[in-house]
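Order-wise, the sequence lines are chains E and X.
Per my numbering, the very first residue in the first sequence carries number 1; after that it's consecutive.
Per my numbering, the very first residue in the second sequence carries number 1; after that it's consecutive.
Keep in mind the hints are simulated off the structure, nothing from the lab.
Heads up, some of the hints might be wrong.
Since the list can't tell identical chains apart, any single copy or any two copies may satisfy a pair.
[Said to hold, decoys possible] Calculated lysine to aspartate or glutamate pairs in the EDC-like style (CA-CA distance at most 20 Å, straight line):
#, residue 1, residue 2
1, K122, D9
2, K23, D9
3, K139, E87
4, K115, D9
5, K30, E45
6, K122, E35
7, K30, D73
8, K139, D44
9, K115, D50
10, K115, E46
11, K115, D44
12, K30, D132
13, K122, E87
14, K30, D50
15, K122, D137
16, K122, D50
17, K30, D117
18, K30, E126
19, K23, E45
20, K23, E87
Number of protein chains: 2
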Amino acid sequence: MGGTVLYFDDLSVGQAFDSASRKISAADIKQFAREYDPQPFHLDEEAAADTIFGGLAASGWHTAAVTMRLIVDSVTLAGGVIGAAAEVTWPRPTRPGDTLQVTSTILELIPSRSKPDRGIVKLRCETRNQHDDVVQDLKATLVVYRRPVPTGA
Amino acid sequence: MGGTVLYFDDLSVGQAFDSASRKISAADIKQFAREYDPQPFHLDEEAAADTIFGGLAASGWHTAAVTMRLIVDSVTLAGGVIGAAAEVTWPRPTRPGDTLQVTSTILELIPSRSKPDRGIVKLRCETRNQHDDVVQDLKATLVVYRRPVPTGA
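Full structure from sequences and hints, please.
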């Protein structure tokens with residue numbers, strides 16, 4: 001699908017988009033954590049060993065941010081990927097050296113009643129590691145533009 | 001509350017925690033976007049002007065990450081702030097120069113049946129800008145440890 005710009009009208013329920021993959025290093029995990037989630041299990045291998053995670057783990061918000069990057073590059077919507085809401089679960093953490101990949105599937109297409117130039121798209125985005133384990137399950141509510149109607153028609 | 005470590009048993013429904021505040025610059029918005037959400041409305045003022053946002057706006061995931069930082073520093077749970085799930089809406093975007101602040105309120109306390117050393121806490125975290133507008137409304141599901149019982153009792 002790379003490069004094809006998709007309008008609301010081009011989408012169908014069940015349609016799926018596979019992202020590229022991205023490897024997350026221990027340094028990536030610590031850098032994100034220092035800025036946004038400075039807790040021992042995200043910052044330091046030794047300190048993490050004695051926590052609920054039993055070892056260094058990425059912040060869930062880091063997994064979410066990397067997932068967004070993979071979605072933006074694979075779900076090429078006209079006007080961009082514009083989120084209004086999200087429901088996220090993190091069944092297991094992203095670990096140092098994990099390679100993440102996202103499959104996005106269209107769950108629902110809801111034309112807007114009040115704004116005829118757009119619709120709401122419910123998109124499920126499953127982020128998996130190299131063992132095919134789900135590290136994040138996201139249900140996103142997106143605003144997507146309809147294909148413009150020629151004026152004067 | 002700063003510095004006090006709180007166990008599940010120390011929490012009550014309705015209890016609230018106010019965070020410090022953090023200012024977000026245009027440079028911050030663009031830096032996050034380059035790495036995690038490289039779309040025109042998050043990267044460039046001029047390109048953003050013609051989009052649904054009508055000007056530069058932070059990625060929702062950037063607002064979420066900054067919110068997490070403010071929560072970690074203000075909700076001082078024993079064992080840390082450990083999220084299992086989150087429901088997020090972004091009623092309006094974070095703009096360059098906005099100062100964000102988070103109020104976290106306990107909605108629900110659910111002792112674990114299977115794991116007596118912990119419980120589930122539902123925490124609502126409202127992120128507001130300097131105009132008191134909500135930029136993010138988060139309902140987080142956290143795992144929180146119970147106060148350890150002396151052994152041999």
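Check: When no copy is specified for K122 and D50, does a C-alpha distance of 20 Å or less occur within a copy, between copies, both, or neither?
Finding: Close neither inside one copy (39 Å) nor across copies (25 Å); limit 20 Å.
Item checked: Alpha-carbon proximity between K115 and D50, which holds within one copy, between copies, both or neither at 20 Å -> Answer is between: at 18 Å across copies they meet the 20 Å cutoff, but 52 Å inside does not.
Checklist line | Up to 20 Å CA-CA - D9 versus K115, copy category | finding: Within. Shortest intra-copy distance 15 Å satisfies the 20 Å Cα cut-off; inter-copy 48 Å does not.
Next item on the list: Classify it for me, K30 with E126: is the Cα-Cα distance of at most 20 Å met within a copy, between copies, both or neither?
Entry: Result: close neither inside a copy nor across copies, 23 Å intra and 26 Å inter.
Notebook entry, point to check: For the identical chains here, do K122 and D9 meet the 20 Å Cα criterion within one copy, between copies, both, or neither?
Noted result: Close inside one copy (14 Å), not across copies (38 Å); limit 20 Å.
Next item on the list: At 20 Å max between alpha carbons, let me know whether K30 reaches E45 within a copy, between copies, both or neither.
Entry: within (10 Å within a copy, 30 Å between copies)
Note to self: With identical chains, the pair K122 and E87 could be close in the same copy or across copies; at 20 Å between alpha carbons, which is it: within, between, both, or neither?
What the structure shows: Intra 11 Å, inter 14 Å, cutoff 20 Å: intra and inter.
Item checked: Alpha-carbon proximity between K23 and E87, which holds within one copy, between copies, both or neither at 20 Å -> neither (24 Å within a copy, 26 Å between copies)
Note to self: Cα distance capped at 20 Å. Does K115 pair with D44 within a copy, between copies, both, or neither?
What the structure shows: neither (49 Å within a copy, 26 Å between copies)
Note to self: Reference check for the pair K122 and E35, CA-CA at most 20 Å: within, between, both, or neither?
What the structure shows: neither (30 Å within a copy, 24 Å between copies)
Note to self: When Cα atoms must be at most 20 Å apart, do K30 and D132 count as within-copy, between-copy, both, or neither?
What the structure shows: Answer is neither: 24 Å inside a copy and 32 Å across each miss the 20 Å cutoff.
Notebook entry, point to check: Between copies, within a copy, both or neither: which fits K115 and E46 at Cα up to 20 Å?
Noted result: For K115 and E46, neither the intra-copy (53 Å) nor the inter-copy (25 Å) Cα distance is at most 20 Å.
Against the hints set out earlier in the document, violations occur for numbers 2, 6, 8, 10, 11, 12, 16, 17, 18 and 20.
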